[in-house]
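Listed here are the chains, written in short residue letters.
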Amino acid sequence: EAQVTQNPRYLITVTGKKLTVTCSQNMNHEYMSWYRQDPGLGLRQIYYSMNVEVTDKGDVPEGYKVSRKEKRNFPLILESPSPNQTSLYFCASQLRGGHNIQYFGAGTRLSVL
Amino acid sequence: TQLLEQSPQFLSIQEGENLTVYCNSSSVFSSLQWYRQEPGEGPVLLVTVVTGGEVKKLKRLTFQFGDARKDSSLHITAAQPGDTGLYLCAGEKDSNYQLIWGAGTKLIIKP
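Chains Y and R are the protein sequences, given in the same order. So in my numbering, spot 77 of the first sequence is number 77, and the numbers just go up one at a time. So in my numbering, spot 75 of the second sequence is number 75, and the numbers just go up one at a time.
Worth flagging that the hints you see were computed from the coordinates, not collected in a lab. Treat the hints with care, as some may be off.
Okay, derived cross-link-like pairs now, BS3-like style, lysine-lysine, Cα gap no bigger than 27 Å in a straight line [to be verified]:
(1) Y:69 / Y:17
(2) Y:71 / Y:18
(3) R:93 / Y:65
(4) R:57 / Y:57
(5) Y:17 / Y:65
(6) R:110 / R:93
(7) Y:71 / R:93
(8) R:93 / Y:57
(9) R:110 / R:70
(10) R:56 / R:110
Note that this is a predicted model, so its numbers are computed, not measured.
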């Protein structure tokens, strides 16, 4: 089954404790991205990657890091989480070409205390 | 940052009623997508409209792309509780992989 898998689905942590949210897709998509979703603000892109070893900042990259060592994986790293990073996070992938149709993971709800 | 304005932000109606959700921008898009997101899940694509004036139907849902490709609407006929969810529009510009997202319309259909 074609899917984007995020882990964990829920995470509660404390300020300053490094964490990683994993994302994996099995559709051989070149493009992957991370979004955060906050009430009233919609989806805001954090980082994206157009292919292996190619990453770029989205609209809200501060406080986040990503890496793309393999085509299927695109982890999101919070080196020193802060309470304003409490949010719902989505990983998405898309195939090159077409109309940029994105396939989303089920989301990771993060709370930073 | 270019924006897509969605309206209304929130809509709660009775089962059987009709409704329309709007997605507007001052920018031209090469295509526009509509997604539905249910609680605990990621957004799922409903439809993509590409040509100015295009109308697409998905059962009781009718999607229209404006003639100038700056706006779109989603009309639901005889809404049902299963239509409840967050509806998001997203516009594609210049095929550079980037999508411009609306803030979403939270729709609740009461039985």
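Report task. Quick one: which hint numbers does this structure break? Sort them smallest to largest. Result -> 4, 6, 9
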